[in-house]
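Residue strings, one per chain:
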Amino acid sequence: MGETKKSAVGDMLPGTLDMLILKTLSRGDMHGYAIVQFIQGASRDVLKVEEGALYPALHRLEVRGLLRAEWGTSDNNRRAKYYRLTTAGRRELETEAAYWDRVAAAVTRVMQTA
Amino acid sequence: MSLLTAWHRSIALLRRRRLDRDLDEELAFHLAMREADYRADGLGADAARDEARRRFGNVTHLKEQTRDMWTFPTFESFRQDIRYALRTLRKAPGFTVVAVFALAVGIGGNTAIFSLVDAIRARALPYRDPDKLVQLWGNVQRARVERRGASYPDYQDWRAQSKSFEDIAAVDSQSMTFVGNDDPERIQTEFVAAPYFSLLGVSAARGRTFQPDEDVVARPAQVVVLSDGFWKRRFGADPQIVGRTLTLCCAARQYTVVGVMPPGFKGLTDSAELWVPFALWAAPDTMAARGVRGFAALARLKPDVTLAAAQSDMDAISRRLEQAYPNTNEKRGAEVSPLDVELFGNIRPALLTLMAAVAFVLLIACANVANLLIARSEVRRREIAVRAALGAGRGRLLRQLVTESCVLTMLGAAAGLVVAHVAVTALLAQSPVTFPSFATPDLDVRVAVFTVAVSLACGLLVGLVPGLQAQAPDLSHALKESARSSGGRQSQRVRNALVVAEVSLAVVLLVGAGLMIRSVRNLAGLNPGFDAQSVLTLHASIPRTLAPADAQSAAGATAAPAPPSRPVVEGRVLLERLRAVPGVTGAALGSDLPLDGGASASFYTAEGQPPVNAQNMPRIYVHRVTPDFFTTLRIPFVSGRTFADSELAPTSLAVIVSEGVVKRFWPGQDPIGKRLKFGGAPTSTNPWMSIVGVVGEVKYRALPQNPTADPDIYLPFTDRNSLVGLVLRTSIPPSSLIATVRAAVRAADPSIPLYNIATMDELVGNQTSRSRFTMWLMGVFAACALMLAVVGIYGVMSYLVSQRTREIGIRLALGAKGQDILRLVVGNGARLIGAGIVIGLVASFALQRVVSTMLFGVSAADTAAGLAVVILAAVAMLACYLPALRATRVSPLNALRSE
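Protein sequences, first through last, are from chains L and A.
In terms of numbering that gives the first Met the number 0, the first sequence opens at residue 0 and continues consecutively.
In terms of numbering that gives the first Met the number 0, the second sequence opens at residue 0 and continues consecutively.
Hints were generated in silico from the structure; no laboratory data involved.
Bear in mind that the values here come from a model prediction, so they are computed numbers and not experimental data.
A hint or two may mislead.
What follows is a set of in silico ranges between Cβ atoms, one per label pair, in the way DEER data are often shown [said to hold, decoys possible]:
1) L:Arg26 / A:Asp19: 27 to 35 Å
2) L:Arg89 / A:Lys90: 51 to 59 Å
3) L:Thr112 / A:Ser9: 48 to 56 Å
4) A:Ala456 / L:Arg26: 54 to 62 Å
5) A:Ala456 / L:Trp70: 29 to 37 Å
6) A:Arg8 / L:Gln39: 30 to 38 Å
7) A:Arg395 / L:Gln39: 55 to 63 Å
8) A:Ala27 / L:Arg26: 47 to 55 Å
9) L:Arg90 / A:Ala27: 29 to 37 Å
10) L:Arg89 / A:Arg8: 22 to 30 Å
Derived contacts from chain L toward chain A, CB cut-off under 7 Å, selection only [said to hold, decoys possible]:
11) Gly27
12) Gly31
13) Phe37
14) Tyr54
15) His58
16) Val62
17) Arg63
18) Ala79
Ideal Cβ positions, reconstructed from N, Cα and C, are used throughout, including at glycine.
Build out the structure end to end from the sequences listed, making use of the hints.
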C-alpha cells in the first residue's frame with residue numbers, strides 16, 4: 000500500500016484517543032470495531048487506532064463513567080458490545096474539545112511564525 | 000481514583016468471571032469483523048484470519064491491560080502471588096509441613112500465653128474505670144516494711160484528710176456461718192463500707208446496696224446483700240427476697256436482706272457471697288482502738304491524680320498521725336497499690352516470664368522457617384533468575400517471595416490458633432494457679448488480631464532474609480550455575496547464624512526449664528518443720544450456747560457484759576469422736592493451722608530483755624493448741640514437753656515457744672522456766688507466762704519462707720475459740736476420710752459447719768503452685784524449643800551434605816575414609832552447636848536475674864544448666880550425625896555424575 004506517513008493515535012498527544020472515542024460516540028452508539036473504522040475513515044486514513052490501545056481506553060472510559068456499554072446485535076447479526084456516551088461523557092468531550100482547539104491553534108500559530 | 004471509579008472496580012471484583020467472558024466475546028467480535036473485512040478485500044480465509052490476528056497484536060497482553068482498567072492492579076498481582084505461593088507450597092509438602100508445624104507451635108504457644116496475660120490485665124477487671132482503683136494498706140517499718148492493714152480510726156483519718164481520692168471504703172473478708180434449714184454453712188462474707196459498691200461501679204440487681212447511715216459504728220444496721228449465686232443456691236432465686244431476714248453467725252443474729260448483686264459479682268476477694276456493713280466488723284471498742292489493724296481499704300483515684308501523688312498525700316497524713324499518736328502510729332505508713340497489682344500480682348510475673356519464653360520459641364520457629372526458605376531459595380535461584388530475565392521487576396520478585404512466606408505463616412497461624420485453643424483450655428484445666436473467676440481467657444478478636452500481627456511479622460521477617468538474598472541475582476551466573484552447586488558464601492553464613500541463634504535460644508529455654516524443675520524439686524524437698532504427709536486438715540465453727548443459768552440472768556440485764564457461753568461440743572469431746580474414726584491415728588485442735596492463713600501476731604516482752612523500739616519490738620505468732628498438736632503434725636521438740644491436760648485452762652500460764660525466741664533472748668541457756676508476757680511495753684500488765692517446751696521452727700504462714708522471721712508461741716487450747724482448725728493424722732489416704740469425718744462431726748453436733756477441708760499436702764502444694772505452673776510450662780516450651788532447634792539443625796546439615804555431595808564424592812574418590820567424611824560434616828555442625836551453646840549460656844547467666852524471684856535454692860550455675868546443655872548437645876549432634884552418615888554412603892561415581 001503505497002501511502003504517506005500514517006499516525007497511530009497513541010503517538011499523538013496523550014488523551015487524544017479518549018477524545019476521539021468520545022467524539023465518535025457523540026454521533027451515536029457504536030461497537031469497538033466501528034469506532035476504529037470510523038476514526039480511520041473520518042481522518043481519511045491518516046489516523047489508525049491500535050486495538051491494543053482502543054479496548055483498554057474504552058474500558059477505562061467506562062470505569063470512569065463517561066461511557067456505558069450494552070450488548071446489542073450488529074448489522075451482520077452478531078452479538079456486539081455497544082458503547083454509548085453518558086452525560087458525564089458529553090461534558091468531558093466539551094472540555095476536551097475546547098482544550099484541543101486551544102492547543103491546536105497554539106501549535107498552528109507557532110508553526111506559522113517560525 | 001474517584002469514588003465512582005472505585006465503585007465500578009469493586010463491583011467488577013465480584014463479577015470478574017463475567018467481565019472476563021465479556022471481554023473475550025468483545026475481542027472475538029472485533030477479530031471476526033476485521034477478518035470479514037480482509038476477506039471482502041479479497042484475502043483467503045486463512046490469510047484473512049492471520050492478518051487480523053497479526054494486526055491485533057498480543058491478545059493476552061491486551062486482555063491483561065484491559066482487565067487492569069477494571070481491577071486494582073496491586074490486588075490482582077497479590078492474588079496471583081498467593082495462588083502461586085500455594086501452588087509452590089503444595090509442590091514441596093515436606094518443607095510445608097515442617098514449616099507450618101514449627102510456626103503452629105510458635106504462634107499457638109504465643110497466642111495461648113497472650114490470651115492468659117490479656118485476661119489478667121487491669122482492663123479485665125469487671126469494674127468501672129478499673130485502672131483508677133487502688134488499695135490502701137497500713138504498713139509498718141520494721142526490719143523491712145511489712146503490711147498490717149488499717150485500724151478503723153486511721154481509716155477515718157485517711158478519709159477525712161486525703162485529697163487524692165474520690166472516695167475510700169474499708170473492706171475485709173471473713174467467713175460467717177449461715178444457719179439455714181438444713182446444713183449450717185460457712186459463707187465468705189465481705190465487710191464493706193457503704194461507698195464500696197459505688198467505687199467499683201457495681202449496683203444491686205435487686206433491691207439496693209448499703210446506705211451511709213447503715214454503716215455507723217455506734218448503731219450498725221443488721222443488713223445484708225446477697226450474691227446472685229447464694230440467692231439462687233439457698234433461696235431458689237426467691238423474687239420476694241428483699242426484706243426477708245436470714246440468720247448469720249454464731250450469735251444467731253438476724254440480718255435483713257436489702258439487695259442481690261448481679262450474676263458474676265463476687266467482690267474483691269472473688270469468693271464473697273454475702274456483704275454486710277463494715278461497722279459490724281468488730282465490737283465498738285475494738286473499732287475505736289487505733290492499734291487494732293487488719294483490713295485494707297479500697298479507693299478510687301481522682302481523674303487527674305497519679306499514683307505517686309496519692310502516695311505522697313498518704314505519706315503526709317501518716318506523718319501527721321505518727322506525731323499525733325506516737326504510741327500506736329510510730330513508724331506506721333500507708334501504701335497505695337493499684338488494684339490490678341493486688342489481684343493479679345501473684346500470677347503476673349510467672350506469665351510474663353512464660354511470655355518471654357514462648358517468644359523465644361516463636362523466634363526459633365521463625366529462624367527455622369527462614370532457614371528452610373533460604374535453602375529453598377537457593378534451589379530456586381534459577382527459577383528466580385529466569386523470571387528476572389523475562390522482565391519481572393526486582394520489587395515484584397521480592398514481593399512474591401514475601402507473599403510466599405506470609406502465606407506460609409498464615410497457614411502456620413491458622414494451625415496455631417487451633418493449637419492455642421487447645422492449649423488455653425488445657426492450661427486452665429491444669430493450672431495450679433487460680434485465675435479470677437471473671438478472667439475467662441478466650442481466643443477473642445484481640446487475640447486473633449495478635450496472632451495475625453505476630454504471624455505477619457514473622458512472615459516479613461522470614462521472607463525478607465531470602466528475599467534480600469534473591470535481590471541481586473547475577474543473571475548470567477545463576478543461569479549457568481547448576482542447581483546443585485553450593486549456595487553463595489553469604490547465604491551459608493546467614494544460615495549458620497540462624498542455626499547458632501536457634502541453638503542459643505534453645506539453651507536459654509532449657510537452662511530456664513532446668514532451673515525451674517530444680518527449684519520445684521527443692522521446694523518439694525523442703526522441710527516445712529512438720530510432716531505434711533497423711534494429714535487431713537479441716538476447719539469448724541463451733542456454735543456457742545448460753546449456759547442455762549447465765550441465760551436467765553442475761554434476760555433481765557441486757558446492759559451487763561456478755562454472759563459466758565459454752566460451745567455446743569467441747570473440743571475434748573470432738574477429738575475423742577474423731578480419734579474413734581477408723582483410719583485416724585491422731586487428732587488435734589488448734590486455733591489455726593499451718594498454711595491456713597489464720598495466724599495473727601502479738602507483741603511480747605521477754606523477761607530481762609534489753610530496751611526495744613518499734614523496729615525490733617519482739618513479735619510472735621500466737622496459736623492455741625491441744626497437747627497432741629505437736630505429735631500429730633510431728634513438730635519436733637527441742638527441749639521440754641508439751642502441755643499437761645491440767646494446763647488446758649484459760650488461766651494456765653504455761654507456753655511452748657519455737658526456737659527463734661530462745662535464740663534471740665536466751666542463747667546457750669536452758670529456756671525451760673524462762674518467762675515472757677504479751678504487750679510490747681515492759682510495763683504491760685499482762686501476766687508472765689513460763690516456757691515449758693521449745694519446738695522447732697515451722698513454716699507456719701508460707702512456703703518456702705514465712706513472710707517475716709517472727710517466731711511462734713503455742714498456748715493451751717481452751718474452748719474459748721469458736722473457729723477451730725482440726726488436724727488428723729491418718730493411716731489411709733487422708734482425702735478418703737472426708738465423708739466419715741464429716742459424719743462423725745455431725746454426730747457430735749449437727750449445727751457445726753465444716754469448711755476448708757484439705758489435705759496438708761494440698762495446702763503445701765498451693766504454696767508452690769506458681770512455681771509448679773511455671774515449671775510445667777517452661778518444660779513444655781523448652782521441649783518445643785529443643786525439638787524445633789533439632790529440626791533446624793537437621794535441616795541445615797542435610798542441606799549442607801546434599802550441597803557438598805560432589806565435593807564428598809571427590810574426597811572419597813581420592814581415598815578419604817568414611818570416618819574422615821563423618822568428621823568433616825559433624826565437625827562442621829559441632830562448631831555451630833558449640834557457638835550456640837556458649838552464646839546461650841552467656842545469655843542464661845545474664846537473664847538469671849530476671850527469673851531469680853521465681854527460683855528457690857538454685858542459681859544459673861546449677862547442675863540443671865549443665866544437664867540442659869548436655870541434652871541439647873547430644874540431640875543436636877545426633878541431628879548432625881544422621882546426615883553425615885548419609886554423606887559417607889555417597890557413591891563417588893554417582894556424586895560426580897550427579898553434576
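Please write out, lowest number first, the hints stated earlier that are contradicted by the structure.
-> 5, 7, 8, 11 and 13
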